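Starting from the two chains in their separate frames, assemble the complex, guided by the hints.
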Amino acid sequence: MDNKILFKPGHTACAGCAQSLAARLVIEAAGSNTIIANNTGCLEVFSTKFPDSAWNVPWIHSLFENCAAVASGIEAALIYLGKKDATNVIAQAGDGGTADIGLQALSGMLERGHDILYICYDNEAYMNTGVQRSGLTPFYTNTTTSPISARFPGNLRPKKPMPEIANAHGIPYVATASAGFPQDIQRKVKKALSIKGPKYMQIHVPCPLGWRHESGQTLAVAKLAVETGLYPLIEYENGKLSGARKFAQLKPVEEYLKAQGRFKHLLGDPESIKQIQAIADNNILKYNLKAEAQKSD
Amino acid sequence: MKEFLEGSRAIAEVVKLCKPGVISAYPITPQTHIVEELASMVANGELSAQFVNVESEHSAASVVLGAQATGVRTFTATSSQGLFYMMEVLFNIAGMRLPLVLTCANRAISAPINIWNDQQDSISLRDSGWIQLYAENIQESADLHLIAYRLSEDKSIMLPTMVCMDGFILTHGMEAVDMPKQEEVDKFLPPYKPLYKLDTAEPLSMGLLADPDYYMETRFAIQETFKSLLKAIPQVNAEFKGVFGRDYGDGLVEEYYTKDAQKVIVAMGSVCGTIKEVVDAQRAKGKKVGLLKVISYRPFPYARVYDILKDVPRVAVLDKAVSLGAYAPLAVEVKAAFSGKQKAPRVVSSFVAGLGGRDITLESIKEIFLKLTQKEASLEFIDLKPELLTEEYGQ
Ligand SMILES: Cc1ncc(C[n+]2csc(CCOP(=O)(O)OP(=O)(O)O)c2C)c(N)n1
Ligand SMILES: [Mg+2]
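Here the protein sequences line up with chains V and H, keeping their order. Quick note on my numbering: the first sequence kicks off at 1 and runs consecutively. Quick note on my numbering: the second sequence kicks off at 1 and runs consecutively.
With the rest of the complex left out, here is chain H (with noise of 0.2 angstroms):
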C-alpha cells in the first residue's frame, strides 16, 4: 500500500519494521527527524527498543557497538560533522566485524559551516570498511535499509552498512512510498543471530590488541569480504525482488539507457532522479543519452561498470564531493574501472557540482552532456560563481 510520507518517517517507519532492540543517536541537521519519529515510536509503545540519548555522536556508535557486541540488532544516523565526530568508532564497528546499519542523511563539511546536502561526508568515510549504498529516492533509500540489515548480518559478510540518503532533498522531501508489510519483511529478514557475543555463559574477549604479526590479515579478510559482496549484493538485491516486487538494478548500479549511448553521465544518490529526467528530454528528441547510477560505492563494482561503459564514446562523472588536492572520489573509481583494460571511452570527463546543497538543475545536467565533448573535462566545477572569486568576496 502507498503511503504519502516524508523520507525521515519513511526510514523511521522500516526500521521499525527490522526490530531494533537498541536505538541511539545524538541531533542534527538533516538527521533529527529520523531519529525523532523513532524516539516517539519508543515513547508510545510501537517499538519495543531501548532509546538511548547520548551526549554525542561518539557515545552514540559507541552505544549501538557495546549493544550489537552484546548480541542485539541496532540502529543509529548521523550527518555530516556527526558522521566525523563518529569516525574512530565507525573503523573500530568494521574491524570488530559488527554488522550495524547507519543513515547518513549526506550533509556538507564546515567550514564553512553548512548544513545543506552534498556527499562529502560518508564519501570521506569510503575507507572505514563499512558497505556504503546510496539512494536515489525515498522508496530506495527506505528499501536500501532492509537490504542492509540483511547483507550485514549475512554470516558470510559480518560487516556494517551506511545508507547514504541525500540530506533534506530525502530526509525531508515528500513522496508517495510503497510500504513494506510486516510479514514481509520478517520473511526477507530473520530474527538477528549473532555470531559471536558478550554473553556470561559463554565468556569471549573481543577487541584484543594485534601486533604486526597479525594485523594485516584483519585488513585482508575484510577485503576478501568486499569482494564477496559484488556477488552477495546482486543474490540480495533478486532475492528483495522476490519479496517485494521491485529492484535497484542488479543491486550493484543501475542502468538508464545506457546500452545504445553516445554520452552517460555516472553519478550517486538523487541527483540521478534529475538526470533521468533529461535523458527522458533528450531520447524524445532522438539523442542517444543514458545514466549509469552507482549504487554501491563500497564495494565499487568495477566489473560491472566496465562492462556497461567500454563501448561508451563519451562518459561524465558527476561527484558532489570532492578529494581535495586529487581527482574527484566517484571519477577516480570510474577511471580505474578502464586501467590496464582493452576497452576504454574515448573520454571519461569529471565534473563536481552541488556542493554545500547548490541546486543541481535540469540546466545543470544539460550543460554537463553539452560540456562532454572530444576534449576531456578534469574536475570542472558546475554552475559555479566566478564573480564570487575576485578579491572583494576572496578577503
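Chain V extracted, bound-state conformation (with noise of 0.2 angstroms):
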C-alpha cells in the first residue's frame, strides 16, 4: 500500500456515511498509480467542492451517466499513450447511476472489453436528491417516492440483479462486497485489478441519513444485510459464481428490517416479513450461504 494518504479527510460527508469509507478503501487497495472517472452522486458531491479536493488521485467527475464511457476514453488515450499497464482505471458511480441512468453507458464499456474496474456504491436510493427510489432500492422500502400509504407499503419492486447482468456480459469479474466488511473490500479490489478486462464489483454502503439509522451504527446495519442473506458476498469469475461468504447461522431479517427507519412501516406486518424473508432464503439456497455445521466464519 502507497504511504500517500489517497482520500483524505476533511470532506463534507454525513456522520456515519458508508459511501466515503468504502471509497477510502479502495483507492487504497488500488494505489497511486489509478486514475478515477466519478459519477454525479454524493460521494462527487462530498470529495470535491471547489476548491478541495480529497482526492490525491488523478480524479475527474462529468456527468451523471458517463463514468463508464468517461473512463473508456481515460483508458484508450492511456493505451495511446503506452500507460496503460501502468496504471489503474477506475469508473464508480452510485447505485442509480450505475443500475438506472448510467446502465447503457456501463453495459457498452464491459462489452467493449476494457480494462476498468467498475464499482457501484449501492446505498440503495437516489440520495444526494433526498433519497427517491433506484433499481437498486429493495423491496418495499419506503423512500420519498416510493412512500407508504394506505394503499402502499413502499417500493413495490425487488433490486435489479446488477451482479448477474454485469455476469452476463461475459466479463472476467464480477462481486459484491460490504462497508461491514473491509478487508474483504480490499481484497477483492486488489483481485479485480490483477485481471485484464472489465470487472464490477458493487458495495453495500449504508446511509444513516436515507436509512434512518444511527449514524454509529453504520457498520452494524452493514453486516446484518450480509449476515441475513440479503446483501449476499459474492464473486463471479470468467461467468462461475467462484465464491460466497457463508455463515453458519444466517439471521432473520427483522434483525436487520428492525434497524432502519425506512423499513419500520413493516414491523407490525409479518406477512410483508415473510416476503422479504423469502427474498433472503432465495439468496442463501441460491448462493449457498450456509456453511457447514462444523465450520463458520
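Do not rely on the hints blindly, as some may be mistaken.
[What the hints assert, rightly or not] Taking lysine-lysine pairs in the BS3-like style, the calculated list, with each CA pair at most 25 angstroms apart, reads:
#1 V:Lys83 to H:Lys193
#2 H:Lys193 to V:Lys84
#3 V:Lys196 to V:Lys240
#4 V:Lys83 to H:Lys16
#5 V:Lys83 to H:Lys197
#6 H:Lys259 to H:Lys335
[Stated by the list, open to error] Pair ranges (Cβ atoms, derived):
#7 V:Cys14 to H:Tyr215: 17 to 27 angstroms
#8 H:Ala39 to V:Asn238: 26 to 36 angstroms
#9 H:Glu239 to V:Asp85: 35 to 45 angstroms
#10 V:Asn288 to H:Ile113: 49 to 59 angstroms
#11 V:Ser242 to H:Glu224: 52 to 62 angstroms
#12 H:Tyr215 to V:Ser242: 44 to 54 angstroms
#13 H:Glu224 to V:Cys14: 36 to 46 angstroms
#14 H:Pro27 to V:Ala248: 54 to 64 angstroms
#15 H:Tyr196 to V:Gly82: 13 to 23 angstroms
#16 H:Tyr215 to V:Asp281: 43 to 53 angstroms
#17 V:Phe50 to H:Ala201: 19 to 29 angstroms
#18 V:Ala278 to H:Tyr215: 44 to 54 angstroms
#19 H:Leu324 to V:Gly261: 42 to 52 angstroms
[Said to hold, decoys possible] Some chain V residues judged to face chain H by a derived CB distance under 8 angstroms, without partners named:
#20 Ser32
#21 Ala37
#22 Val45
#23 Thr48
#24 Lys49
#25 Phe50
#26 Asn56
#27 Trp59
#28 His61
#29 Ala69
#30 Leu78
#31 Ile79
#32 Tyr80
#33 Thr87
#34 Gln104
No lab work stands behind these hints: they were computed from the structure. Only a predicted model underlies this, so the values are computations on that prediction, with no experimental measurement involved. The beta-carbon is built from N, C-alpha and C at its ideal position, and this holds for glycine as well.
Written out as C-alpha cells, the structure is:
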C-alpha cells in the first residue's frame, strides 16, 4: 500500500457515511497509480467542492451517467500513450448512476472489453437528491418517491440483479462487497485489478440519513444485511460463481429491518416480513450461503 | 495536389493528417461516411489511433472527453439527433475547457424524422460554449478542421470547436480538393501539448462542484475567451494562408461583392455557393448585389457585420434553421449588430429556406433578392407549399 493518503479527510460527507469509508478502502487498495472517473452523486459532491478535493489521485467528474464512457476514453488514451499497463482505471458511481441512468454506458464499457474496474456504491436510493427510489432500492422500502400509504407498503419492486446483469456480459470478474467487511473489499479490489478486462464490483454502503439509523450503527447495519442473506457477498470469475461468504447461522431478516427507519412500517406486518425473508431464503439457496455445521465464518 | 474526393473522405483524410490519438463515434446519417473512412484507416494501420465503437452518442462524446482529459488529441463526428443526444456532454466539454474537435454533418431535427440537410442541429447548440464554424464547400470543410484544432488547442483559448458542414450536400458531394501535405499540417499544427491532464505523476481533480461563490466566473471566463477569438480567428486564418496559400475572408466572415452593393444576402454554409452564382449573374447585368458569408457563428462577429453592412441599404438574412416562437437565429444576430449604432441598413429582412432538405435553388435566391424591397420581410418562408397547409394535410 502507498504511504500517501489517497483520499484525504476533511470532506463534507455525513457522519456515519459508509460510501466515504468504502471509497477510501477502494483507492487505498488500488494505490496511487490509479485514475478515477466518478459519476455525479453524493461521493462526487462531498469529495470535490471547489476549491478543495479529497482526492490525491487523478480524478475526473463529468456527468451523472457517463463515468463508464469517460473511463473508456481514459483507458483508450492510456493505451495510445503506452501507459495502460502501469495505470489502473476505476469508474465509480452510486446505485442510481449505475443501475438506472448509467446502465447503457456501463453495458457498453463491459461489452467492449476495456481494462477498467467499475465500482457501484450501493446505498439503495438516489441519496444526493433526497432519498428517491432507484432500480437498486429493495422491496418495500420507504423512500420519498416510494412513500408508504394505506395503499402502498413502499417500493413495489425487488432490487435489479446488477451483478448478474454484469456477469451476463461475459466479463472476467464480478463481486459484491459490503462496508461491514472492510478487508473483504480490499481483497476484492486487489484481485479485480490483477485481472485484465472489465470488472464489476458492487459495494453495499449504508446511509444513515436515507436508511434512518444511528450514524454509529453503520457497520452493524451493513453486517446484518450480509448475515441475513439479503446482501450476499459473492464472486463470479469468468462467468462462474467462484465464492460466497458463508455463515453457520443466518439471522432472521427482521433483525436487519428493525434497525432502520426505512422499514419501520413493516414491523407490525408479519406477512410483509415473510416476503422479505423469502428473498433472503432464496439467496441462501441460490448462492449456498450456509456453512457446514463444523466451520463457521 | 488536387484530388477528386467525396466530402466525407476529404474530412477523414484531413483528420488523419491531424493525428488524433483517440476517435469515438456512433453512426448517424449523414455523418457515417466520415467515421467509416476513419475506422478503415485505423484498421489498416494508416492511422495509429484508438477507435472506440460506442453504444451511443452520449458515450462517444464522453469517451473523447475522457481521452482529451488524459492528454490526447481526439475526434468525433455526428449529426442531428446524435448531436442532441450529446448535448449534455458538449456543454460539459466546453465547461472543462477541453479543446476537442467535432464535425457536425448538419441535418434536420425530428419530428417529423428527416435525414436531409438544414442547420437546426448545430444552431440549437449555439449556447454550449463551442466555437462554431460553417463551411461553404468541401475544401473549406476540410481546411476548417485544421483551423479548428489550431484554435481550440491554443493555450489562450482552450475551447472545443464544432465544424459544421451541410449534410449530403457537402458530406456526400464530390469536389476537386487540394489536400494538404503532412509536412504542411505538421508546420501549422504542432503536436498536442495539454495544459493539464489526468496523470498519476501529478494528481489533479477535474470537474469539481462550483457553488454560487465560484460558478459565474467560469462562464464569464468563457465569454471573455470568445471575445479574444474575434482576434485569434483572423490571425490563425492568416497563418493558414501562409502555409497553405488560401484563406477564407478574415476567417470570421467572407465578403463577396459587398463594397458597393445595394442589396446583400447574409447566409452560412453551402447555400453561399448558390448565392455566389446568382450574384455573378446579376452583377453581369449591372445589378449591385452581394453576399456576406458568415463562417464563425460562435463567436458572432458583430463588429465586422456592422462595418460591412452599415451602408448597405437593403440586407436579407437567410436562415436554414428556426427558433420557433422568435426571429430566426442568424437574423437575430445580424439585427443585433446594428442595435444602438449610428448607421444601419434601411431594411433587414429575414427569410427561412431549405428546412428538412428542401432545395434552395438559383430561383429561390433570385426570389429573395426580388423580395428585398422597401418593405421589411419578417420571417418569410421561401418555397413554402401552401397547399400542404390545408386542412386535408394538416389533420
Ligand atoms: C441527467 C441527470 N439527471 C438527474 C440528475 C440529478 N442527480 C444528481 S445525483 C443524483 C442521485 C445520485 O444517486 P446515486 O447514483 O444512487 O448516488 P448517491 O448520491 O446515492 O450516492 C441525481 C438524481 C443529474 N445530475 N443528471
Ligand atoms: Mg445511491
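Query raised in the report: Can the hint on Ser32 (chain V) be confirmed by a CB-to-CB distance to chain H that is less than 8 angstroms?
Result: At about 6 angstroms, which falls below the 8 angstroms cut-off, the nearest Cβ of chain H leaves the hint on Ser32 (chain V) intact, so it holds.
Query raised in the report: Between Leu324 (chain H) and Gly261 (chain V), does the beta-carbon spacing fit 42 to 52 angstroms?
Result: At roughly 48 angstroms between Cβ atoms, Gly261 (chain V) and Leu324 (chain H) fall inside 42 to 52 angstroms, so the hint holds.
Report task. For the hint on Ala69 (chain V), just tell me whether its beta-carbon gets within less than 8 angstroms of chain H. Result -> 3 angstroms, holds
Query - Consistency of beta-carbon spacing, Cys14 (chain V) to Glu224 (chain H), with hint 36 to 46 angstroms - result: 38 angstroms, holds
Query raised in the report: Can the hint on Lys49 (chain V) be confirmed by a CB-to-CB distance to chain H that is less than 8 angstroms?
Result: 5 angstroms, holds
Query - Interface hint compliance - Leu78 (chain V) to chain H, C-beta minimum distance less than 8 angstroms - result: Holds - the Cβ of Leu78 (chain V) comes within 8 angstroms of chain H, reaching about 6 angstroms at its closest.
Query raised in the report: Quick one: are Cys14 (chain V) and Tyr215 (chain H) within 17 to 27 angstroms, going by C-beta?
Result: 24 angstroms, holds
Report task. Please test the hint of 35 to 45 angstroms on the beta carbon pair from Glu239 (chain H) and Asp85 (chain V). Result -> 39 angstroms, holds
Query raised in the report: Going straight from one Cα to the other, do Lys83 (chain V) and Lys197 (chain H) come out at no more than 25 angstroms?
Result: The given pair, whose Cα atoms are some 14 angstroms apart, holds under the 25 angstroms limit.
Requested in this report: Just tell me: holds or violated, for the beta carbon distance of Tyr215 (chain H) and Asp281 (chain V) against 43 to 53 angstroms?
Outcome: Holds, at about 51 angstroms.
Query raised in the report: Minimum Cβ distance from Tyr80 (chain V) to chain H below 8 angstroms?
Result: 4 angstroms, holds
Requested in this report: Identify whether the interface hint at Asn56 (chain V) stands, where standing means a beta carbon of chain H within less than 8 angstroms of its own.
Outcome: Because about 5 angstroms separates Asn56 (chain V) from the closest Cβ in chain H, which is inside the 8 angstroms limit, the hint holds.
The structure meets every hint from the earlier list without exception.
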